[in-house]
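Novice: If you want the building blocks of each chain, they are given just below.
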Amino acid sequence: MNKMLGIINLDGEQDLFQELTYFRCGASLPYAGKYRLIDFVMSNMVHAGITDIAVFVRKKYRSLMDHLGNGREWDLDRKKGGVFILPPDWNDPTDHSKGDLQHFHNNMDFFHRGRADYVLFADSQQICQIDFRAVLDSHIASGADVTVVYKRMEPAEEHRTCYRLTVDDHGNVLEFTKDEFNPNIFMNMYVLRKDLLLELVRRCIAHGADNFLRDGIIGQLPSLKVKAWAFDGLLQTINSVESYYKHSISLLQPEIHRELFLAGNPIYTKVKDTAPAKYLDEAAVDNSLIANGCVIAGHVENSILFRGVRVEEGATVKNSIIMQRCTLGKGAYLENVILDKDVTVTDHQRLIGSPSRPYAIPKRKTI
Amino acid sequence: MMARKECVVMLLAGGEGRRLKSLTKKMAKPAVYFGGKYRIIDFPLSNCTNSGLETVGVLTQYEPLVLNNYIGIGSPWDLDRQNGGVSVLPPFAELSGASWYVGTANAVYLNFAFIERHDPDHVLILSGDHIYKMDYSRMLDFHKRNNADATIAAIEVPWKEASRFGILATDPDDRIRSFVEKPADPPGNLASMGVYIFKWPVLKEYLTRDHQNPDSSHDFGKNVIPLMLGEGCRMYAYLFKGYWRDVGTVESLWEANMDLLEEEPELDLNDPSWRIYSRNPYQPAHYIAPGAVVRKSLINEGCQIYGEVRHSVVFYGAQVGEGSVVRDSVIMPCAKIGRNVRISRAIIGEGAVIGDGAVIGSEDEGGGIALIEDHAQVDGRVVC
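Protein chains in written order, with our numbering: chain H, 1 to 367; chain Y, 1 to 384.
Calculated from the structure, these hints are not laboratory results. Hints are supplied without guarantee of correctness; some may be wrong.
[As the list claims (entries may be wrong)] Ranges of calculated distance between the beta carbons of each label pair, as one might list FRET restraints:
#1 Y:Leu65 <-> H:Gln253: 50 to 58 angstroms
#2 Y:Lys241 <-> H:Gly331: 33 to 41 angstroms
#3 Y:Gly357 <-> H:Ile352: 21 to 29 angstroms
#4 H:Gly143 <-> Y:Gly357: 55 to 63 angstroms
We put the CB at the ideal spot given by N, CA and C, even for glycine.
With the sequences and hints as input, model every part of the structure.
Specialist: Structure (structure tokens):
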């Protein structure tokens, strides 16, 4: 079997999460009641047989390190390979690499040591169930230098900053553009041979480039054979408070929930040993996703409750995302709200956001 | 080389649990599901790890496949250790021939080699049959303080049930005066919980002698404890207060599940300082559909509830279809309940498929508990 090495490049990820990323990077943002955004790409890689994963980080990665740990939950606590969190810091006076090229330059040992012939790049913001093994097979069969993954779909607000692809009838990529009417959304995923990658990196650094994708691949398009691989499953791109909220609420549609969680491979995440959710006598829950450890005495509608949330008697939650260990006091009323972890809403408080602009409350606040 | 351990745990998990009927057809009693997410053995294993006892031998015999697979290397309970950890100990063959475990004392006797690897001062004997949270380190302190040869954990049980247990009588200083196994006419209501701590040299001597006695049935309660007491060993009762249930029958398993549905249950599963650990089945948050009703219930991850669930315990991955009503019942993992089904006072086995319109159990409180076998296919009416 051809081996692949996975790179999850968080450097330069769009971060329009505001309050939600005061204390963490976007990749460790909690999602869907019990996951973090990075769990999806990690699980997709593991299900494709990848056993070496490097995560390029730059800022606010403490919670990510805590979450990934030694990789046990993804079966990545291996003697050979495993998960590596690679910050760009390096004290090398001769180093003149810039931007995300620093990650390559300063972690060259990681690339040389791995036994993989191919390298797969991805970010943490494309939430989907994708078969990376099929991408690699297609890459090898086509003889391309680089194979890039895209989805053809009606572009939404969160795709505004994504590259779009112009693709010919044979699947050749003619152009990367920022044309907002182009429906071929580039998913920030691509695969290429490791030796070609290292050669492109070397050239980028020699020419003072600071962005591998832009300068190493897009800038070299005329001299590279770049093929497009079309993804036809469900894609949720999450890079802002609005897209986070919109896609979270869409998980309440059974067909979307099923495609992401029940029909494909399991999504792995760090285990918390909380008891099953408890519904008390007065509980009224309608169209919601509820994680373990919750204790519900109030009214919950069109909402997602993460692990260990308490909804006390007479409290009402509508169209809201309530993260881990929040407490909603008696008679509290929440609508179109995102509460980050450990928020306490005192009795009879009212918090109301608008559907297009949900009211987000940062971690550990008492309201 | 092994580092010494002060106390080694031997967990008896070979029980067949025949009175649990179809629930133990393909698995030993300690592997039976409980509380929406757990198996019975999660309780003693979590108690061990929470008590700081991390060397545990699990003695298996009857239908061990599910249990072996479940325990694995013990990671869910933090028992995957360089030094100690969990070891599954099935019966084995030796130079003199192969044998099965005959009685609880015999099972431990045949595994002396495991205990001796750790050269302990004390051995804690547990059974994998009970639901409770207990700090064994306190019992060990009590045992050491009394310089006891053996300490037996004891709990006061209702008088009418006393004849099902080994009954202890003690002096005011907690020293055990008498012990009778399952007495027809109980002299007291202080029952043995089947949790014992022995000084290892004393246990070794008595189990060796018991092994040589052809008339013995090689059982701790019937043979070893009475023999030690008769010969004047220092034996103490450690009084346990708290929730403790033997879930040996379909009715008692159902009842113990229902106990969890109280607003403030005696057995708190949400206590962060004493977590009950279990193997994680990788399921997403559960989904409650528009129009569904869930009251006074425990629902685990991966469930999809479209109908009504009242006063019930639902394990991971189960589905309840539109128009169905589940009351006073336990739904085991991944059971699929169709539309317009009525389920009352029942236990639905793992992976069972209940067809649309089926009626299972009855609301009559005098009646028994309807039990649907694992992976059964049910259409129509089933009353207990």
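Novice: Take the hints in turn and mark each one as holding or not.
Specialist: Okay, the hints, checked on the actual structure:
no.	hint	result
1	Y:Leu65 <-> H:Gln253: 50 to 58 angstroms	39 angstroms, violated
2	Y:Lys241 <-> H:Gly331: 33 to 41 angstroms	37 angstroms, holds
3	Y:Gly357 <-> H:Ile352: 21 to 29 angstroms	43 angstroms, violated
4	H:Gly143 <-> Y:Gly357: 55 to 63 angstroms	58 angstroms, holds
This entry does not satisfy hints 1 and 3, going by the numbered hints stated previously.
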